[in-house]
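Visitor: Could you put the whole structure together from the sequences, leaning on the hints where they help?
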Amino acid sequence: MANTEASLKDVMGSIDGSIGVALVDYNSGMALGTLGGGDLDLNVAAAGNTDVVRAKARAMEMLNLKESIEDILITLSTQYHLIRPLTSRSGKGLFLYLALDKGRANLAMARHQLKRIEADLEV
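The numbering used here applies: residue 1 is where the sequence shown begins, and numbers increase by one.
If you're looking for bench data, these hints aren't it; they were derived computationally from the structure. Among the clues, some could well be false.
[What the hints assert, rightly or not] In silico EDC-like cross-links for lysine to aspartate or glutamate, where the CA-CA straight-line distance does not exceed 20 Å: (1) Lys115 - Asp10; (2) Lys92 - Asp71; (3) Lys9 - Asp41; (4) Lys56 - Glu67; (5) Lys9 - Asp39; (6) Lys56 - Asp71; (7) Lys115 - Asp71; (8) Lys102 - Asp71; (9) Lys92 - Glu67; (10) Lys102 - Asp39; (11) Lys102 - Asp16; (12) Lys92 - Glu122.
[As the list claims (entries may be wrong)] Label pairs and their computed distance ranges (CB to CB): (13) Lys92 - Ala47: 16 to 26 Å; (14) Gly103 - Asn3: 24 to 34 Å; (15) Ser77 - Ala47: 14 to 24 Å.
Glycine is no exception: its CB is placed at the ideal position from the N, C-alpha and C atoms.
Guide: Okay, here's the thing in structure tokens:
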């Protein structure tokens with residue numbers, strides 16, 4: 001099991017094209033930890049993407065979908081933004097947010113690595 005800091009470092013080191021990563025509290029919109037980001041303000045991104053997760057959860061509820069969100073992908077012209085809600089008991093109410101450089105990232109591998117890192121994360 002890895003702590004938050006080690007997991008964020010793992011994301012940045014093992015996922016090609018990583019720009020920045022944050023562990024976010026879904027209830028407050030606050031980032032519990034961030035790494036990287038460059039020109040991207042990860043605290044603002046954390047708050048904004050909390051609204052995205054909440055909106056999708058509401059839509060699923062209205063559609064009576066009895067499934068869980070595996071991840072949410074937002075594709076921009078030069079970036080991918082990946083949101084992965086944590087599924088462990090200790091991670092309930094949290095999600096990982098990852099921004100990727102579209103030209104350097106392999107989306108399938110990024111999703112695979114993020115899933116692996118999430119499984120090892122102990123909050």
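Visitor: The structure should be examined with respect to each hint, and the outcome stated for every one.
Guide: Taking the hints in turn, this is what the structure says about them:
1. Restraint check for Lys115 and Asp10: satisfied, since their Cα atoms lie roughly 12 Å apart, inside the 20 Å limit.
2. A threshold of 20 Å between alpha carbons decides the hint, and for Lys92 with Asp71 the separation of about 14 Å falls inside it, so the pair holds.
3. Restraint check for Lys9 and Asp41: satisfied, since their Cα atoms lie roughly 17 Å apart, inside the 20 Å limit.
4. Restraint check for Lys56 and Glu67: satisfied, since their Cα atoms lie roughly 12 Å apart, inside the 20 Å limit.
5. For the hint linking Lys9 to Asp39, the alpha-carbon distance of about 18 Å falls within 20 Å, and the restraint holds.
6. Restraint check: the Cα-Cα separation between Lys56 and Asp71 comes to about 11 Å, which is no more than 20 Å; the hinted pair holds.
7. Distance hint between Lys115 and Asp71 is fulfilled; the C-alpha atoms sit about 9 Å from each other, no more than 20 Å.
8. Of the pairs offered as hints, the one joining Lys102 and Asp71 holds, with about 17 Å between alpha carbons and a cut-off of 20 Å not exceeded.
9. For the hint linking Lys92 to Glu67, the alpha-carbon distance of about 15 Å falls within 20 Å, and the restraint holds.
10. In summary, the hint linking Lys102 to Asp39 is supported, as the alpha carbons are separated by about 16 Å, within the 20 Å threshold.
11. Taking the CA atoms of Lys102 and Asp16, the gap is about 10 Å. The hint holds against a cut of 20 Å.
12. Pair hint Lys92 plus Glu122 holds up; C-alpha atoms about 11 Å apart against a cutoff of 20 Å.
13. At about 19 Å, the CB distance of Lys92 to Ala47 agrees with the hint of 16 to 26 Å.
14. The hinted range of 24 to 34 Å is satisfied by Gly103 and Asn3, whose Cβ atoms lie roughly 31 Å apart.
15. Between Ser77 and Ala47, the C-beta spacing of about 23 Å keeps the proposed range 14 to 24 Å intact.
When held up to the earlier numbered hints, the structure conflicts with none and fits them all.
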